[in-house]
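Peer 1: The residues making up each chain are set out below.
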Amino acid sequence: MTDTPRSATLFTFNVGFGDCFLLRFQYPGSMRRHVLVDFGSTRQPESRPSNYLSRVAAQIKDLCGGKLDVVVATHRHKDHIYGFRTNKKGDAPGNIISSCNPTLVLQSWTEHPDAPTDATASPHQRAFAKALVNMNTFSKAIYRLAKADEKRQMFDSNTRQALSFLGENNISNKSAVKNLMSMGANHRYVCFGQDAGTSDILPGVGVDVLGPPTLAQNDKIAKQRSRHEEEYWHLHAAAAVAGLTAEDSDALFPGTVAAELPPWARWGRTRLRNIRSGMLMPIVRRLDKQMNNTSLILLFSVGGKSLLFPGDAQWENWSHALDQPDVRDKLKTVDLYKVGHHGSLNATPKTLWELFENRGPATKPDRLTSVMSTKHGVRGHSKKTAVPRATLVEALKSDTNYESSEKIKIKRASTEFYSKVELSFG
Amino acid sequence: MEQKAATRRLTVLAQDPDVTDKGAALTTRVVVPADTLAPGPRSSRIEIVDYDASADRFYGAFDIDEDDERFGAERDLDRLVGDPAFHAQNVYGIVASTLFEFERSLGRHLSWGFGHNSHQLKVFPHAFLEPNAFYSKYDECLAFGYFPIRGPKSDKVFTCLSHDIVAHETTHALIDGLRNQLMRPSSHDQAAFHEGFADVIALLKILKNEALVQFAVGKHLNPTPAGTISTDEAFKAIREGRFLFGLAQQMGQALIGMGRDALRRSIELAPSPEHYHGDLFLEPHDRGEIFVAAVMRAYLRVWESRLSGKIKHEGGKAQSTRVSAWRVAEEGARAAAHLLNLMIRAIDYLPPIHVEFSDFLSAALTADWQICPDDNTYGYRKALTQSFAEYGINPAAAGTQDEPGVWGLGTHEREISYTSANMDSTRWNPESMFKLLWENYEILGLKRDVFTRLNSVRPVWRVGPEGFVLRETVAEYYQLLKNARKADLENLGIKGLDFISGDQSVDIVGGGTLIFDEFGRLKFHIHNRIDNYEEQGKRLRSLWQRGDLWDREAEFGSFAGLHSRRAFGEPRYRQEGWE
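Each protein sequence line maps, in turn, to chains A and B.
First residue of the first sequence? That's 97 in my numbering, and the numbers climb one at a time after it.
First residue of the second sequence? That's 1313 in my numbering, and the numbers climb one at a time after it.
Since the hints were derived computationally from the structure, they do not count as laboratory data.
Watch out, some of these pointers could steer you wrong.
Pair ranges (Cβ atoms, derived) [to be verified]:
1) D1819/B with R508/A: 51 to 59 Å
2) P378/A with D1380/B: 37 to 45 Å
3) Y1730/B with W363/A: 45 to 53 Å
4) P457/A with D1819/B: 22 to 30 Å
5) G1814/B with P359/A: 25 to 33 Å
6) Y1730/B with D252/A: 52 to 60 Å
7) R1783/B with P358/A: 39 to 47 Å
8) P359/A with E1727/B: 52 to 60 Å
9) P358/A with Q1315/B: 28 to 36 Å
10) D1843/B with P457/A: 57 to 65 Å
11) P359/A with D1380/B: 46 to 54 Å
Chain A side only, calculated, beta carbon under 8 Å to chain B, not exhaustive [what the hints assert, rightly or not]:
12) M250
13) A334
14) A361
15) R365
16) L368
17) V483
18) R485
19) T487
A virtual CB, placed ideally from N, CA and C, is assigned to each residue, including glycine.
Whole structure, please, built from the sequences with the hints as guidance.
Peer 2: Structure below.
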C-alpha cells in the first residue's frame, strides 16, 4: 500500500538545553512527510558556529526539502519555541522555518489566540487563558528583577541564577508565538482525545493526543484551580512589576523619609531577605510547572510501532491519560520515547515507565529506544536538583537504546548538528 | 507606689479598609496588656520591625501613644492607611490582643513555638511586595506582604491592616507554641486543622466586636430611626447567615486572590456529610473550610438562641414584632466571645498529635462542660454537636448519658499509681511529671522501647462565665520511633508498605494529653497511641499518596508555602520522582 510509511527517521538536533526534533516518514517511492517537533533553546552549545539556530533551521529546511508538513510546538517555553522567532531582515531561524510553509501547525488548546474571550470555551478555560497572560508578565518581571539583582545583591547567587533562568524560559517569546500563529495553512489547538487533524497530511500515521487535558476533563484539578488561578497570577504579576521599582521611590508612604535600621532590627533584615527568596522560588517553579503541563503529549502510531513525544508534561498533565485503560494499553508498546522535560525529576512518571514493555536488557528484541535532549549543568545546582536526573539516565542506559543530544559534539566548524535514529516498519 | 493599670486599649481597624461606615474608617479599640513599650513598638512578647525586603527600606520604629489619643478619634481612612505609624499600631494591637485572648482563656502565659531561646515574636508589617502573609517558625516571625491593586479606595493592599489576617497568622504562632507536633505531616484533618482553626479564631475575634456586628445588622436590615428591626426578619437573617454574608461581601475584596475569604466560603458551604467523607475536600485549605463552616453554623445557632432568650415568647412565637438592632448585635457579639473562649480552651483537651476534627469536637465539648456544667441556657454544646454532625463529623468520645461526646478515662487508667510522685511538683515540674509517667507506662499504654518526650507541664486556673473556678494541670507527651525501616515497621505488624523501599526510613509518632484535677488526680488521658499500628499504616500510605511522606517542606510545616497554595488552590500530588 502506497499510503503507509515503510520507515521513519528521527533527527535529533543538539540545540543545547532545548528540544528540536525532525521526524521523517518515508513512504514507498520517493514520497516523504516531515514533522518538526519543537525548536527552542535556552542555553546553546558553548562552542558553536555563528548564527547557530539559523544554521539549524537551514539544515531542517534542507532535510525536509523545503517543505514541512506539520509543525508541533508542544508548549511555549523558550527551550521549545525560541527557534521560531523571526526578524525583519528575514534571516532568523523562525523565518527559515516559516518559509517551509507547514501544512499544519499543531499546538495545545491553551495557545488558542481566542481562548481568553472564546464564548464557547468553559469559564475554566477562559480563566486559564487569561492567567497565562499574567504568567508571562510575571516571568518578564522576575527575569528583570533577577538581572537587576546582580547589582542589588538582595538574593543569594543560586536563587538569582534560578530566578533568571526560570523567568527567561517563561517569557512569552512574542516573536515566536506570533510566527507560529501566522505560519502555515492550518492551525489546530487540541486537548486530550481530540483529533490531531493529521490523517490526510500523514497517511498511514495515527496521531493520538494524550495531553494536556482541559480543566473540565480533569475534575480534581478543575475544582481546585477554578477558584483563584486567574486572580492569583494577576496579583503576582502586578506585584512583580511593581517590585522592579520598589527601591526607587517612596510610593509606599509618600512624603515619609526612610529611616536608618536600628541595631536591634538588623537581624531581621537578613532573615527577611532569605524569606523573600524562599517565597519567590516556589511561585516561579509553580509557574514553570504550569507551563510544562500545557505540553502536548503526542503518540504517533505507524506500521505496528509507536513513538511518544510528551514535551515537558509532568504528573498533573500525565495523570489524566494514565487513568484511561485504553491509553495505558497503547503506551505499553511504545518503541521510541522522547524523554520528557530533558530528563527532570517528575516528567517520566514511574507509572508510565513501568508500562513500557519494550524495556529490557540489550539482548531484548525490538528494544525501546529513548531519546533525550538536554544539557548538563543548566538546571539544578546540586545532586538533588540536577537535570537530567542521574537515576533516570542510569535506568534509560540500562533498559533502553539510549540516545542523548549531548553525544552530538558541536564545534565552531561543525556542519552537521544532528544524530539519527532509524525505524523500519513491517 | 502608683498602681499601674493591667491593660490598655488601642485603636485598630475593626476589619480592614474595605469595611467602612459611609466611607469613614470603622475602627475598634482592642484590649492589650499594659506592657512597657519601646519604639517599634516592642514589648516583652512582640517586636514590630518595619523593614521592607523588596524596597530594602526601613520605615521607622514607632512609638505608641499609650493614651490612644493619636488615632482614637481618627476616622479618615486615607490618613490611617497612609500612615506607617498607624500600621505599626494596628498590627501590634491585633497581635497583642490575640495573644491576650489566648492567655486569658487558657489561664496562663503562653510561649511562642520557636523554642526557649527567644521570647519575642518578630512582626514585619511591610515585609515584602507580595500577596502573601504567614508565620515562620524558623524565623520567629509573622511576615505581612503588601501589593498593588486597582481599586476605588486605595492602590495598594496592606495585609497588616486586615484584622482577620493578622489574627489568623498570630493564631498559627500560638497553636505552634501550644501543640508543636501539629505541624508534622499526619492525617488530612491535622493538616486542615491549623488553617481551619486559625480562620475560626480570626472570624470570632472580629465578630465579638459589637460595633462591627451592629454595622452588619444595620447595613442589612435598615433599622427605623428608633433603632428597631423586625423580630421575624432578624431571626431569619441570623438563621440564613445573611448578616455574615453581607459582611463577607465587604471584607477584603482585594484579598480574594490570596484565598483569604474564609467567611464567605464557610457560609456558601451547605451542610452535607459528603464534603467530609468524600474525596473532594482532602486538601488542607478545602478541608479547613468544612471545619470553619461547622463552627460558624454553630455560632449562628447560638446567636439565635441567645436572642430568643431575650425576647418573650408565647406558644413558640415571639411576642414582640420589633427588636432593637443593638440587642441583635449584642447577642451576636456575646455568642462570638463565648465561642471564641471555648474554642481556645479546647486546645488543652486535644491529643498532641494526629488530630482529627472529631477529636476537636470532643475537646470543645469537654472544655465547655468543665467550666459551664449547665448547657441549658444557650446550648453551646448542643449547637456544636448538631452543626458538626450536619457536616458528617461526630465526637471522637462517647461521653456520658448526660454529656454526650465528652472525653472520659478508661477504667484501667483510673488505677495509675501516684506513690512515686510529689503531687505539688507534678503541677509544674517536668521531671516530676515524667517520673509519674514512667512509673505508669503500662497502665497508660505507652511503649518503653521508643523515644518519649514530655512536651510541657502547665498548671492552669480558669474562671467560667458564671464565676466557676477550674484548676487543672495539663501535660502532654509524645513518643517517636525515628528512622524506622520497612523491616522494622513490618516487624511491628504494619502491613501494605509496598510504597516504601528497603533503604527508605520513616518516623512514626504517637502521644497523649494528661489532664489532672486540682488534687493531682488524673481526669482525662486523651491520646493517639504510637502502637495503633493499623492507623499508623493507613497514615503512612495517605502521606505517601499526597507526596508528603518524605517532603521536607511538609515535614517542617511551611505556612509561606501553605498559604501560597491556598491562594492558588493547588492540589498536592505524589510526583513519582526520580530521586
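Peer 1: Are the hints correct? Go through all of them and say.
Peer 2: Each hint, compared with the structure:
no. : hint                            : result
1   : D1819/B with R508/A: 51 to 59 Å : holds (55 Å)
2   : P378/A with D1380/B: 37 to 45 Å : holds (40 Å)
3   : Y1730/B with W363/A: 45 to 53 Å : holds (46 Å)
4   : P457/A with D1819/B: 22 to 30 Å : violated (38 Å)
5   : G1814/B with P359/A: 25 to 33 Å : violated (53 Å)
6   : Y1730/B with D252/A: 52 to 60 Å : holds (56 Å)
7   : R1783/B with P358/A: 39 to 47 Å : holds (44 Å)
8   : P359/A with E1727/B: 52 to 60 Å : holds (58 Å)
9   : P358/A with Q1315/B: 28 to 36 Å : holds (32 Å)
10  : D1843/B with P457/A: 57 to 65 Å : violated (45 Å)
11  : P359/A with D1380/B: 46 to 54 Å : violated (29 Å)
12  : M250                            : holds (6 Å)
13  : A334                            : holds (5 Å)
14  : A361                            : holds (5 Å)
15  : R365                            : holds (5 Å)
16  : L368                            : holds (4 Å)
17  : V483                            : violated (10 Å)
18  : R485                            : holds (4 Å)
19  : T487                            : holds (5 Å)
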